[in-house]
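Novice: Take a look at the letters that make up each chain.
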Amino acid sequence: MFTLIKRELIDNIALLLLAAIVPAIIITIVIKGVLEGVAYLPIGIPVIMVRILWPYLLCGAFVAAGCGAAQMNDDSQRKLSTFLSVLATTRGRIFIARTVLGVMLILIMFVPLVVTDVVLLKIFARPVPLDMNFLIRSFATILATFVCCYAIGLQVGWRSSKLMAILFGVALSAALILVVAIKGFGVESIIILVLFTVASLIWTWHKFLSLPL
Amino acid sequence: MERGVIEVRDLVKYYGGRCILDGVDFEVPTGCIYGLLGRNGAGKTTIIRILMGLETATRGRTFLLGENSRRLEPRQKSRVGYVAEAHQLIQNYKVARLVALCKGLSRRWNDKFFKQLMDTFRLPMERKVKELSGGMRAQLNLALAMAIEPEVLILDDPTLGLDTVARRQFLALAIDLIQRDGRTILFSSHILSDVERIAERIGILVAGKLVVDCSLDELKNRIKKLRVIFPQDAPTDLHMTEIIRQSNSGREMVITVANWNQQKKAMIETFKPASCDEIPMSLEEIFIECTHPEPMPDQI
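Just so you know, the sequences run in chain order A and B.
Take any residue in the first sequence, count from 1 to its spot, add 176: that is its number in the working numbering.
Take any residue in the second sequence, count from 1 to its spot, add 3: that is its number in the working numbering.
If you're looking for bench data, these hints aren't it; they were derived computationally from the structure.
Take the hints with a grain of salt, since some may be wrong.
[Claimed, not checked] Quick list of in silico lysine-lysine cross-link-like pairs, BS3-like style, CA-CA up to 27 Å:
#1 A/Lys182 - B/Lys212
#2 A/Lys255 - B/Lys133
#3 A/Lys182 - B/Lys228
#4 B/Lys131 - B/Lys97
#5 B/Lys118 - A/Lys338
#6 A/Lys208 - A/Lys338
#7 B/Lys131 - A/Lys383
#8 B/Lys131 - B/Lys115
#9 B/Lys115 - B/Lys97
#10 B/Lys212 - B/Lys267
#11 B/Lys267 - A/Lys255
#12 B/Lys106 - A/Lys182
#13 A/Lys338 - B/Lys267
#14 A/Lys255 - A/Lys359
#15 A/Lys255 - B/Lys97
#16 A/Lys182 - A/Lys383
A quick note: this is a predicted structure, and the numbers were derived from the prediction, not measured.
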């Protein structure tokens with residue numbers, strides 16, 4: 177299993193770098209905004225930290241979907257699983273190794289957001305009781321969106337054209353982001369996203385285990 | 004010999020409504036070298052891909068080392084070496100990285116033997132797989148398959164696309180390696196001379212049906228090609244079962260018959276031929292007789 181995860185890591189190092197660049201850019205914007213002058217919401221949180229959630233969600237979701245689609249498409253084009261699955265492993269393990277990379281990729285995008293927000297709150301939050309519930313709901317929704325978009329990317333990635341696979345993944349992600357836009361950051365959005373994620377992963381798992389390689 | 008290291012049972016495969024395999028049934032006992040023959044598109048690769056779990060069957064089942072091919076565990080796969088048609092290796096990997104990957108995924112990797120093979124083949128470890136010639140890729144694929152010391156070796160047209168010299172070099176080494184330890188081997192090819200050199204048992208696929216499944220010696224004994232000369236014009240009413248091919252020209256009749264026996268001989272003698280001589284046939288000639296596009300005989 178470790179060999180498979182290591183292979184995924186080395187093969188997809190560019191995707192991991194991309195996933196690291198996105199939060200780096202957004203966090204730089206946040207810090208720059210905070211340093212230029214802090215406006216506060218009534219709940220004691222700097223406005224910029226809330227404003228940043230949407231661009232973060234959008235960029236992260238599209239990157240997650242694109243990475244999932246690229247990973248799967250790469251396999252389909254280079255026939256990686258055809259080669260790997262006749263060695264002493266199973267398709268299930270190949271898929272799990274792939275999703276382990278996906279989890280790492282999502283964490284690379286998600287953790288810096290949380291860390292930055294927590295650090296900035298410690299420094300800049302007004303001395304009023306913070307609405308922690310709002311923050312937790314926001315972070316949970318963003319994480320659920322990233323995971324869901326990645327799962328959608330995996331699902332649509334097995335295509336002949338890499339560009340089409342990524343575009344299709346990004347288009348479906350846009351539809352999911354609309355759900356979040358309509359329902360807002362909260363439990364309802366999270367439930368819908370989790371349902372989509374589970375359905376998508378089950379479909380992809382079943383498909384990957386049974387398709388001709 | 005024990006039964007069933009490789010078993011194919013009533014295998015049927017359809018692709019887009021087209022029948023590729025039509026009830027194929029055979030088994031390869033332990034220690035046997037089985038040559039699977041057939042023209043391009045006969046279904047050889049499809050059988051092997053189903054056996055390796057790369058493809059699903061429409062109907063029927065295949066077993067490798069007693070386990071259903073669809074449910075092969077790493078434990079069983081680690082005992083199977085596979086050389087795929089066209090040597091489907093990961094093209095943009097360096098040889099060294101591909102070797103490390105295979106080694107990392109194998110349960111028993113004989114490093115000493117592998118190094119010995121690499122030295123023999125003189126394969127450059129720092130070059131990318133896509134930069135290797137077809138012959139080198141074939142050698143690398145064989146070395147990777149052999150390094151795990153497999154009990155079962157499945158070779159799907161391993162010499163396809165190689166020039167004559169590369170093919171001969173590959174086969175000379177392959178034959179030496181695979182015959183050493185009494186491995187069970189399924190060897191698919193349409194180059195008959197390759198198969199004739201190593202196979203003990205032969206299966207011939209024609210349009211998805213296995214029309215021959217017997218030992219090489221048995222095959223040569225069972226299929227006879229006869230030149231029969233009659234005192235007058237050759238009779239047109241010689242009716243016999245299992246005639247594969249028959250051609251009349253004046254007094255001469257050339258006839259290829261499956262399952263040749265005394266009754267068939269007696270039947271020809273009723274027409275009082277002037278002479279009846281057997282024409283020796285190589286495996287290639289038998290193959291051509293069995294796979295010509297006219298109606299096929301029943302399974303031999």
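Novice: Going through the earlier hints one by one, which of them does the structure break, listed in rising order?
Specialist: 1, 3, 5, 6, 7, 11, 13, 14
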